[in-house]
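**Q** Sequence:
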Amino acid sequence: MLFPISDDDRHLDGPAWATIVLLVANVLVFAYQLSEPAFTYGWSVVPEEITTGQDLVNSRPIPEEDPNVQITSAQDIPQRPGPGPAPLVYLTVLSAMFMHGGFGHIAGNLLYRWIFGDNVEHRFGTARFVLFYLTSGIVATIAQILLDPDGLVPNLGASGAIAGVLGAYLVLFPRNRVNAVFIFRVVTVPAVVVLGLWIVLQFVNQWGALAVTEETGGVAYGAHIGGFLTGMALALVLRATGTKEQRSRLTRSMASDPRNRTWW
Numbered sequence: 001m002l003f004p005i006s007d008d009d010r011h012l013d014g015p016a017w018a019t020i021v022l023l024v025a026n027v028l029v030f031a032y033q034l035s036e037p038a039f040t041y042g043w044s045v046v047p048e049e050i051t052t053g054q055d056l057v058n059s060r061p062i063p064e065e066d067p068n069v070q071i072t073s074a075q076d077i078p079q080r081p082g083p084g085p086a087p088l089v090y091l092t093v094l095s096a097m098f099m100h101g102g103f104g105h106i107a108g109n110l111l112y113r114w115i116f117g118d119n120v121e122h123r124f125g126t127a128r129f130v131l132f133y134l135t136s137g138i139v140a141t142i143a144q145i146l147l148d149p150d151g152l153v154p155n156l157g158a159s160g161a162i163a164g165v166l167g168a169y170l171v172l173f174p175r176n177r178v179n180a181v182f183i184f185r186v187v188t189v190p191a192v193v194v195l196g197l198w199i200v201l202q203f204v205n206q207w208g209a210l211a212v213t214e215e216t217g218g219v220a221y222g223a224h225i226g227g228f229l230t231g232m233a234l235a236l237v238l239r240a241t242g243t244k245e246q247r248s249r250l251t252r253s254m255a256s257d258p259r260n261r262t263w264w
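Here the sequence shown is numbered in the UniProt record's numbering, starting from 1 and rising by one per residue.
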């Protein structure tokens, strides 16, 4: 498996402010989660809360027919008060996008956002990038809920929105060079290879989660797939509508360097 560590950013003009602000927001919210554990259970997305419009406030027993639930020592699923019943409960779709389940979870998400987010933000523009990011995350959450509408396990993380960024990057910069770790070596390959393998792995894992009854580790592969496809679709719309990209070092580089030019 290729694990990306950086991409070719030499030609970007200035910092990607939305990417930086979103990164900082995720860190601050995670710090608050560490100090207030109840916040995590109250403000993450619980599929049953979204489908019923009701805020669950008491711990619920683990359904015997659900083998994929990450059980607690008390053999139940913690629930805490959140924003309230409908329509306030739907705010968790947004709040969960800034929350994470552990240090490894947030570290991986921030790395992927840092690598791929700036290029996509420069292409979309800051304001449209924020709208694009939130839309990808919302659609990703809906996709995950559709797979288990009665689920009680809290869903949280920026993975779905970041998957949208990866999908847009694949459409907009398929030949941009990405540095990745492969079997203890750093290799440089086109983005289409890294991101193509990533999304194929998500489909394989989601199929495995549906086909077997083993513990899947709590990874929301459905959200990854939904976010990625949304990102691709929005990037294709951007290209099809003929939206002009602001002239910058990035656009000049894409035009002059055949290794960075798009394939479609």
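What the hints contain is simulated information worked out from the structure, not anything from laboratory work.
None of these values were measured; they are calculated from a predicted model.
Ideal placement from N, C-alpha and C gives every residue a C-beta, glycine not left out.
Keep in mind that the hints are not guaranteed to be accurate.
Derived CB-CB ranges, DEER-like [unchecked claim]:
(1) 127 / 196: 25 to 33 Å
(2) 3 / 135: 24 to 32 Å
(3) 183 / 37: 13 to 21 Å
(4) 24 / 186: 39 to 47 Å
(5) 150 / 177: 42 to 50 Å
(6) 51 / 31: 25 to 33 Å
(7) 150 / 188: 40 to 48 Å
(8) 239 / 200: 34 to 42 Å
(9) 233 / 111: 19 to 27 Å
**Q** Mind listing which of the numbered hints don't hold for this structure, in increasing order?
**A** Violated hints (numbers, rising): 3, 4, 8; every other hint is consistent with the structure.
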